[in-house]
Each structure stands twice: as C-alpha cells, then as structure tokens.
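K.L.:
These are the residues of each chain, in order.
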Amino acid sequence: MEPHAPRVLVADDEDDIRALVCLAVRRAGCRVVTEAADGPAALDGARNTLPDLAVLDVSMPGATGLEVCSALRADPSTAGVRVLLLSAGASPEDVARGLASGADSYLAKPFTVAGLVARVRELAGGVPA
Amino acid sequence: MTAVEQTPATTTAEIDLLRAEVARLAAERDALRADMERRDGELETAGRMLAARAQTMTSVIDAVTEQSIIGTDLDGVVRVWNPGAEKLLGLPRADVVRRRLVTDFHLADELAADGGGLAALVRVAQAEGRDVRDWTYVTARGEERTVSVAVTPRSDDSGEHAGWNFVATDMTEVRASERLKDQFVSLISHELRTPLSSILGYLELVLDDPDQPLTDEQRSHLGTVERNAQRLLRLVGDLLFTAQVEAGRFTLQPEDVDLAAVLRGAEETARVAATAGGVRLDLELPEGGLVVPGDPVRLGQACDNLVSNAVKFTPAGGCVTLALRAGWQAPDGTTTDDERPGSAPVARISVTDTGYGIPAAELDQLFTRFFRASTAKRNAVKGVGLGLSITKAITTAHGGTLDVTSTEGHGTTFTLTLPR
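In order, the protein sequence lines correspond to chains A and B. Residues in the first sequence are numbered from 21 upward in steps of one, following this note's numbering. Residues in the second sequence are numbered from 7 upward in steps of one, following this note's numbering.
It is worth saying that the hints were derived from the structure and are not from the lab. Every residue gets a Cβ at the ideal spot worked out from N, C-alpha and C, and that includes glycine.
Coverage of chain A stretches by chain B, computed from C-beta distances (three or more under 8 Å per stretch; other residues unrestricted):
hint, region
1, 33-40
2, 110-117
3, 131-143
Negatives, chain A to chain B, calculated, CB over 12 Å:
hint, residue
4, Val53
5, Glu55
6, Thr69
7, Ala91
8, Gly100
Turn these sequences into a full structure, and let the hints guide you.
P.N.:
Here you go:
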C-alpha cells in the first residue's frame, strides 16, 4: 500500500458487508483507517482520523448514515470529508434523501465489488492496488 | 197572489227554470263535494305516503350505525346527525342538531391547510358534484379519527340547494394497517437485500479471483448460485415496487427514451434464457429508432417482463417476436399506421409468442397481482404473478395502454401503446 494512499472510513453494522467494503476500498488503492459498526462510532472515527472518504451504510444503529453525513457537513473540521452512502433502499426517493443529506454519491445494495471499487477510486482518488 | 193571477203561464215556466237551475246547482254541488272528498282522500294518501317516505328515510339513516351521516344547511349548521355520527363522534343528536357546525368536528389545521372553514370541505363537491377524500374527525373526547368523507350537495323539497351531506367511513384502522404493510415490505426488502449483497459480493470475489481460478464444474455450480441469488433479488425488487405502486409512491424519472434501444436491451437480457429453452428471438425495429417521453429504467423493466414471459411461455422450437412501430391512436383507442383527424401519435411495442397461450376466460384477470394463468401452472412456467401487474402499472403511469390477445395452443401477443 502506498504510504500516501487515500484514507477511508468504512461504517456498516453488517460485519460481512463491512469486510467486503474494506476489501473493495483496498482494491481501489486506498487505506482503511477506521472501521465502525454504528453511527456514533462512525462520527467519532471521522472526527479523530479526518479521512478523505467515508463509506457509510444508511441503516445503522445509534445514528443513520444520513445523520452521520449531516453531522459531518455541519462540523467545519469534517465538512470536507467526501461521503459515499450505501443503502438497501434503491428508489429515486431514497437516493434523493441520501444526496440531500450532503453525500457526494449513493450506491444501492446489492452492489458489485467492481462497481464499488470504481466509485471509491473516483471519490477518494486512489490508484489500483 | 194578485201578480200570480196576472201572469200564471210565465210564473210556471220560471218556476220550472228555477227548479232546473236548482237541480243543476245541486248536481254541481254534489259533483264538487265528491271531487273535494276525492281530493281530500288523495291529499290524505299523499300525506301518509310522504310521512311514510320520511319515516323510511329516517329509519334507513338511523339504521346506519357504522357510517357517520351528517347533513348541514348552507352555513354548515348540522341538521341531520345519524346514530353512526353519534357513535363515531361521541355526541347525541340533541346536542348537535341546530347547535353545532360540521367544521367543529374537523381537525382545524387540516381545514386551514385547504383554506379553512366550510369552504375547504365543500370546494370540490361544489365544482364537481361530489368529492371523496380522507379527513380527520376529532371526537367529543378529543380523539382523532381518519375518515373517508363523501361530500355531496343537499336539496330541499323544491329541489333547491339547501346544504351539504357528509357521509364518513372510519378508516383509522385501515390506514394504520396500510402503513404497517408498507413498513413491513420495506423492512423485508431491506432485510433480504442486505444478505443478498453479501452473497453476490463474495460470489463475485470467488468467480473473478485471477490467483485461484476455478474448475469449470465449480464455476458452473457457483453460476447456479449467482443466478438464483439474482432471481431472489428480482423478486424482492418486484415486491417492493408493487408495494410502492399500491401506496401511490411510484414515481417516474422522465426523459427522452429511444424504445428501439429499450427493446434491444430486452432482447439481450432474454437471449440466454431463450437459447437455453430453444426459443428463437426476432427483433423488428424501425430505422432510426422511435423516441417517447418516459422513464428508461421502468420502460426497460416493462419490456423485460413481457419478453421474459413470452420466452417462458414458449416451448422449444417456438419463436418470440419483438416489434416496434410508430402509429396513430384515435380517441376511441383504435390505432392506425397513418395519421387520421383527431388521432394522436403513439409508439406500439408488441411481443408475440408461439407459446401455450392463455384461456380467453382468464384474460381479464391477467393484470391482477399474483394471478397465474392455468396454462402457466399446467406447463410449470416459473413465476409468482407480479410481472404483468407491474408492467401494467408502468404503462398506465406513462399514459399508455397494455392490451393482450391470445389463442390457447397457438400463442399470445401483448401490445404496449405509449404516447410519443
């Protein structure tokens, strides 16, 4: 891994999905700096590590990905963190709600690993691993 | 006596005349009396009939205990208050009639949002003769109830507009159950899509790992797993979409769509299944394509459903033809190839198969959710009966129509007509 590889936070309460997302992040040439399994841990992690990109599941205990995203945008120190939301909700309304929370991009589950790698690379600026 | 003696002949004649006149008047009097008595009888009968009719009306209205019927004058003052209203709103007739306004029992904020007062309740009924919609009633105990209210104008004896009728059905439990079903479907959809994400994601990793290539047999087995996971995913998507249609939350993302590209996509999607089933796919497209305003994803889904159905319904050696034509539709729904006065431009997609066909008696039910044709069950055609109801909903949302003709044993043609 490049020492200057883009730094990514991954938050999802499903262990299997989180591991899959971490793998895709690494394949995109990025480094996972924080893994979180709920909303508050994701927010703390983002404030502590100031990642280049936060990949957030929408449905998480404690605070949803949308709430975490809004909180990141409201805090000047984390307002610049790019956010990719992952959600099982795939309707246009779900996507619109996600983007309205301030997210840069939205990917509906189930996603393909190749698709996620491309999206992470696009948002975090990583190079292929 | 003297005068009588002077003109005895004249007097007798006069007496006769007078007698005759008296007799005529007596007859006339008798006739008038008889007429009066008859009319009196008629009046009494009419009065009894009116009273009976009023009694019938009252007894009918009083027999309605599960629907609230409120009649008002033009100012909204309550004049009729049936037992259903007593039961729903918790107030006896005597406390309400001529004392309260119908608006007293409505949620004030809801009326205010529509302009406020009686006008908010009757605006549509005034313009269109009737209006049915959900409102919120507030009972004597302050409890809010969701009601479906039918508003119609009320006339007096002479047919003059005298007020309004408000017939309300309590929908509180029904609406709550609809919301619950909606939430349930969303929850199930989420709970199924999440594990499917894991299954499909990890399958992709195994199938595409260049460091550990799979044997052909392993690849084939995992291909079966993937195909079935995709099938489950489509089913979840169909269930969620059906719930959205039912809840009225189905929206289109319209843009210019080339239907030729949509049909080429549908043909490509169906090609694997068609080849496996020994079914030939023919595509007949106009040169230069055909553009309509629509949602490309939803129109693609509609065409995929029609083509996939046709392939599933056609035994080996058969043929499925996808055709796209421009046409003109008259106001009565008939379509022609040439423009006629008053006709509107349309695009017609037809999907014709040489398959099992559908019995004529079942054609009417074909677009009903979860309905499966007897020929589908008899020939073990897979499916749950959602595809055509979804296709119909998508077509209707685009202002189009979906028609079917079929002959059992010979095949079926679905024609999707869209405005262009």
